[in-house]
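**Student:** One letter stands for each residue in the lines below.
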Amino acid sequence: EAQVTQNPRYLITVTGKKLTVTCSQNMNHEYMSWYRQDPGLGLRQIYYSMNVEVTDKGDVPEGYKVSRKEKRNFPLILESPSPNQTSLYFCASSALPPGTTSNQPQHFGDGTRLSIL
Amino acid sequence: AQKVTQAQTEISVVEKEDVTLDCVYETRDTTYYLFWYKQPPSGELVFLIRRNSFDEQNEISGRYSWNFQKSTSSFNFTITASQVVDSAVYFCALSEGAGNKLTFGGGTRVLVKP
Numbered sequence: 001e002a003q004v005t006q007n008p009r010y011l012i013t014v015t016g017k018k019l020t021v022t023c024s025q026n027m028n029h030e031y032m033s034w035y036r037q038d039p040g041l042g043l044r045q046i047y048y049s050m051n052v053e054v055t056d057k058g059d060v061p062e063g064y065k066v067s068r069k070e071k072r073n074f075p076l077i078l079e080s081p082s083p084n085q086t087s088l089y090f091c092a093s094s095a096l097p098p099g100t101t102s103n104q105p106q107h108f109g110d111g112t113r114l115s116i117l
Numbered sequence: 001a002q003k004v005t006q007a008q009t010e011i012s013v014v015e016k017e018d019v020t021l022d023c024v025y026e027t028r029d030t031t032y033y034l035f036w037y038k039q040p041p042s043g044e045l046v047f048l049i050r051r052n053s054f055d056e057q058n059e060i061s062g063r064y065s066w067n068f069q070k071s072t073s074s075f076n077f078t079i080t081a082s083q084v085v086d087s088a089v090y091f092c093a094l095s096e097g098a099g100n101k102l103t104f105g106g107g108t109r110v111l112v113k114p
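Protein chains in written order, with my numbering: chain A, 1 to 117; chain B, 1 to 114.
Bear in mind the hints are in silico, worked out from the structure with no lab data behind them.
A few of these clues could be false.
If you want the footprint, here are the derived chain A segments under chain B, 3+ residues with CB under 8 Å [stated by the list, open to error]:
1. 2-11
2. 35-42
Using 25 Å as the maximum straight-line C-alpha spacing, the simulated BS3-like pairs for lysine-lysine come out as follows [unchecked claim]:
3. A/K57 to B/K113
4. A/K57 to B/K70
5. B/K101 to A/K71
6. B/K101 to A/K69
The beta carbon of each residue, even a glycine, is placed where N, CA and C say it ideally should be.
Given these sequences and hints, build the entire structure.
**Tutor:** Listed below in structure tokens is the structure:
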């Protein structure tokens, strides 16, 4: 079954304690992306990756890091989490970036709810 | 810079009523792509439609229809004869041509009461 898997689904942690949210896709997609969802703001893009070792900032990258060492994995790293990073996070993947002619939609993971105290 | 505005934060209707969700976008590109996603109470994001800027034909899929008007930079979504299962948050999104970013609107919560 084609899917994007995020772990953990829920995490409560404290300010300053480094954490990683993993994302894995089994569709051999080149494009992967991280979003955060906050009430009234919709989803905002944090980072995206066009392919292995190619990553770039989205609209709200501050406080986050990513890596793309393998095609299937795209972890989101919070080196020193702060309460304003409390949010619902989504990972997504697609064969090609959203602004291409291919009619391939993004597949989203089920989300990770992070609470930073 | 690309921007999407969904002015309606919440819409409440009674079952079988029609409901239209507004989406207004801003972009300087002539080539761009518009999307609608549904987020039911369970939280996952479900892709509904993708439309490119060169195709202004309206589209109908079952009870769902989309009205794309470049002249007003709008891509509105109508649910006909709404059902309780349509209760969800709906997001409109935009990606500029050859762009690698997807920009979402703030979402519209639709509540369909029986």
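**Student:** Decide, hint by hint, whether the structure agrees.
**Tutor:** Structure-based check of all given hints:
With 0 residues having a beta carbon nearer than 8 Å to a beta carbon of chain B, the segment 2-11 of chain A misses the requirement of three or more and the stated coverage is violated. Only residues whose beta carbon comes within less than 8 Å of a beta carbon in chain B count, and the segment 35-42 of chain A has 4; three or more means the coverage holds. Taking the CA atoms of A/K57 and B/K113, the gap is near 41 Å; set against the 25 Å cutoff, the hint is violated. This hinted pair does not check out: A/K57 and B/K70 have alpha carbons roughly 29 Å apart, beyond 25 Å.
A hinted pair counts as satisfied when its Cα atoms are at most 25 Å apart, and B/K101 with A/K71 qualifies at roughly 19 Å. Distance hint between B/K101 and A/K69 is fulfilled; the C-alpha atoms sit about 21 Å from each other, no more than 25 Å.
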